[in-house]
Every structure is written in structure tokens, then in C-alpha cells.
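**Student:** Next come the chains, spelled out residue by residue.
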Amino acid sequence: MAKHFVSATINGDDVEFRCETEQTLLDVLRSELHMTGTKNGCGTGDCGACTVIMNGRSVNSCLVLGAELDGAEIETVEGMATGTELHPIQQKFLDHAALQCGICTPGFMTQAKALLARNPDPTETEVRFGLAGNLCRCTGYDKIIRAVLDAAAEMRASK
Amino acid sequence: MGVLRNVSDLNYETPTDIESAVALLTDNDRAKVLAGGTDLLVQLREEMIEPSLIVDIKRIAETRIVKMGADEIRIGAAVTGAELDENDALKAAWPGVVEGVELIGSWQVQGRATIGGNLCNGSPAADGVPALIAGAAKIVIVGPNGTREVPAEDFNTGPGQNVLAKGEFVVSIVLPVRPPKSSDAYLRFIPRTEMDIAVVGAGVSLTLNEDGTCAAARMSLGAVAPKAVLVESATDILVGKKLTDDVLAALAEAASASCDPIDDKRGTIKFRIKVAAVLARRAATIAWQRAEKS
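These protein sequence lines are chains W and D, in that order.
When the letters of the first sequence are read in order and numbered with the numbering used here, they come out as residues 1 to 159.
When the letters of the second sequence are read in order and numbered with the numbering used here, they come out as residues 1 to 294.
Treat each hint with caution, since some may be false.
30 Å max Cα-Cα, derived DSSO-like pairs, lysine-lysine [to be verified]: (1) D:K67 - W:K3; (2) D:K293 - D:K67; (3) W:K159 - W:K143; (4) D:K166 - D:K242; (5) W:K3 - D:K166.
Pair ranges (Cβ atoms, derived) [to be verified]: (6) D:A92 - W:T123: 19 to 29 Å; (7) D:P151 - W:A2: 21 to 31 Å; (8) W:D95 - D:D196: 25 to 35 Å; (9) D:P176 - W:H34: 44 to 54 Å; (10) D:M48 - W:E126: 33 to 43 Å; (11) W:S7 - D:E46: 27 to 37 Å; (12) W:H34 - D:S52: 26 to 36 Å; (13) D:D9 - W:E73: 28 to 38 Å; (14) W:S7 - D:K270: 51 to 61 Å; (15) D:F271 - W:G83: 51 to 61 Å.
To be clear, the hints were calculated from the coordinates, so they are not data collected in a lab.
Beta carbons are placed, not taken as given, at the ideal position from N, Cα and C, and that holds for glycine.
From just these sequences and the hints, can you work out the full model?
**Tutor:** As C-alpha cells, this is what we get:
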């Protein structure tokens, strides 16, 4: 049986799991908890595909050990929508066609959520810097930036 | 898929006090300290290291706090870049130290990467280090023989190397509280605008007299030698002077003269030596302007 017994909160739910020391938060999400919304890209913190929010800050889940999670609060892309209603960031990614293959999309949307939580009214430059840790090989980024700026405007208006 | 290694003999401990951490590190020949993990987990994954124990120091209170004292500022080794950025008092006192750490990686990396980890990882291009050297920071090391302090410029001994002995780890970093009209700055050159490794980095810390002359100054350069270097001649060049073109030219020359860089894909030797001069001049100018306003 795996060494570590960990209790954490994921998307508001209390979760308990076992993991080996070698397993990252990304491994735990995908392989132990079968939450495959979070994607595995580079595994070295360069691409941002595995971005999740941990204790209120976005992190690369490939650079966090599962064993470190005891008592942590994690938010993943699976927690963005409310029932069948998409989060404004998700809806704007669709509206602006801000994705093609989709592998980077959960990471981008999670990072965008973290960015807008700290800066609800970012400039385009701030969005570009805020998303600099997320790589996309399809879109050329521009549609992603538009989607995030548009989502920010909608989220401000609905407050 | 995605598991760092296929062996399961790797243990993980979360000591909550310094003594327990030191005991774990002393008793285990293949122990590694974990703070933010942004370097350690990559090294594990790439099998550059094969520890049998990971000692997570983040649950030790001393590693996680920034204490603004009357005579000193004590920054826990495991304080993250994002946390430093949100600390207005520290940013006002040592803007260059904070801007150096802030340059490390993306938002996601900033949420995890720590000031102590950047130092201990020992990259010659570490963005968090030159401003600490310029700031005359002391590295507080705990170990089986108690506590010792090492000047920041003496901590690293080469790429990936430092003075830590068996059982020791960095618990905090101490910066002095400076007189009014003091400030600092850190600049780096990278080929893109974000998320890259410094080709050259320059940190300058200085204090001005009431008459506008320089009372104290230190400069450090990163990525131009096997470790970040203290440019000792910079102190004499700046102290007692005003910020004139001649002074800046002498400073630039001293910066270039202290370079012993490598050629790599990010920059040639010649380019690094030239850029060191430019960044030294600019960082000194920014630090000076900040000191005038502080």
C-alpha cells in the first residue's frame, strides 16, 4: 500500500487518497482520483498545462508532491462550471474560439481564473504576462488573450 | 505515466521544528531539502538526483515568515516569490531583492519557488541572488552544530555548489535595515520579455548622504561567472561621488572587468561582458533614483 495517507479539499469536496512520495499532485489527480481535466504537458513546470489552484495560488501540479497536499485546498478545471452552466472564462474560450487541440486549455483557464481573482481588470499586457507560464502551439495566443479580457469584463459587470 | 521514478523507497518527512529537520538531514546520507520544489522535482524527474528522503521544511515556522525588525529584516528561506511581491514593507525597504526573486519563472512558479531555494539551487544565473549579495545579506544556516551565518557572496561555491555541510540547511536570510535614502535595484537581460534564464544580471544597493553623494554601495553580477560575484571595486567607485557620467562609466568598466563568463546558446562571452557594463550602469541609476525618493 502506498506510503502516504493524505486529506485535502478538491473543488470544495473533502478527498482522501494514498500516494507514493514520487507521485506529483498531477499524478494524484489523474491516476489516483481519475480527474483527467488537468493535463500533463512537459512535467517540468515550463508549459502550464497542469496548472491548478492550490491554497489560492496557481501552481504547476507537476511540481508539487501529492504528499505535500495534506490539509491543502485545490481547485481544478473540473470545479469551474456550476452544474451545466459554464464559468464565464470557459464560455468566452468557446465564444472566441480560443482553443484548437485543447490540451493547454484547462491550464489556461485555471491560470486565467487565478489571474482575474487577483486582478479583475487587467490590461492586455497584464493578461499576456499573467499567462506567460502557459504554452499553446495552436492558437497563436491572441484569441486566448481576447477571451480572457472579455471574460474579465463580463465578470466585472455581473458583480 | 508521469510518475517521477519507479522506485518506492523514497521517503518524505515534514518536520515542524528546526531540530527535527536537522536530525533527519544528519541521519540520512541521501536526504534532500524540499522548499518550493520547482527545481527539486525537475531534478528528481530527470534523475539528476536519487535521494532516499525528502525533508519538506515548509512546516517549520521560521522558514515561512518575513520579520521586519528594528535592526534587521529576516526572510524565511521558504517564503515564495508571490508572497514577497505582496509584502509592501519589504518591497519598500528592498525593492531590488524582491524584483530579483519576482523574475523567477511564471505566476505558477512564483506561487511555489522560494528565495532560499533559488539560492541553494546554485545556478550562476539565479535571479534571486545578486541583489542579496549587493544588499550584504547574511545566510542563516542551521545544523548539528547550531546556527551560523554566511555572507551571501560566500554561500555558493560554484554551479550547484554551496557551503552547506551534512545536516545543514538554510532557515532564513537576513538583510540589514538601512538608513533613510537607501535603496536597491536588480536588472537582468534575457532574449525574450518573460520566462527565461538571465544572460546577465546586475544588482546594486546604495545609501546616499544628505548632500546627494553616495555613502555606501555594493554591486553584484550574476550569470557572468561560475557563481554570482561581488564587484568589490564598485564600492570605491561610487562612495563619496555623485551620479555623474564619469562615475557610471567607471562602474561599467569595473563590471566588465569582473566578468568571467561562458559562451552558450543564450550569449557569447563578448556579449555578456558588454551587457554587464550596460546593466551595471542602469541598475545603479535606478537604485540611485529610488534612494533619492526614499
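**Student:** Hint by hint, say whether it matches the structure.
**Tutor:** Taking the hints in turn, this is what the structure says about them:
1. Between the alpha carbons of K67 of chain D and K3 of chain W the distance comes to roughly 36 Å, so the proposed pair goes past 30 Å and is violated.
2. In summary, the hint linking K293 of chain D to K67 of chain D is supported, as the alpha carbons are separated by about 24 Å, within the 30 Å threshold.
3. Under the criterion of a C-alpha separation no larger than 30 Å, the hint pairing K159 of chain W with K143 of chain W is consistent with the structure, at around 24 Å.
4. Proximity of K166 of chain D to K242 of chain D is assessed by CA-CA distance (about 47 Å); at most 30 Å being required, the pair is judged violated.
5. A distance of roughly 26 Å separates the Cα atoms of K3 of chain W and K166 of chain D; the hinted pair therefore holds under the 30 Å criterion.
6. Judged by the Cβ atoms, the range 19 to 29 Å given for A92 of chain D and T123 of chain W holds: they are separated by roughly 24 Å.
7. Checking the proposed 21 to 31 Å range against P151 of chain D and A2 of chain W shows it is violated: the Cβ atoms sit about 44 Å from each other.
8. The hinted window of 25 to 35 Å between D95 of chain W and D196 of chain D holds, with their beta carbons roughly 33 Å apart.
9. At about 52 Å, the beta-carbon gap between P176 of chain D and H34 of chain W stays in the expected band of 44 to 54 Å.
10. Separated by about 35 Å at the C-beta atoms, M48 of chain D and E126 of chain W satisfy the suggested range of 33 to 43 Å.
11. Checked against the hint of 27 to 37 Å, the pair S7 of chain W and E46 of chain D passes, with Cβ atoms roughly 31 Å apart.
12. Between H34 of chain W and S52 of chain D the CB atoms are about 30 Å apart, so this pair conforms to the stated range of 26 to 36 Å.
13. D9 of chain D and E73 of chain W have their C-beta atoms about 30 Å apart, which keeps the hinted 28 to 38 Å range intact.
14. Range check, S7 of chain W to K270 of chain D: Cβ separation about 56 Å, and the 51 to 61 Å hint holds.
15. The hinted window of 51 to 61 Å between F271 of chain D and G83 of chain W holds, with their beta carbons roughly 56 Å apart.
Of the numbered hints stated above, those contradicted by the structure are hints 1, 4, 7, listed in ascending order.
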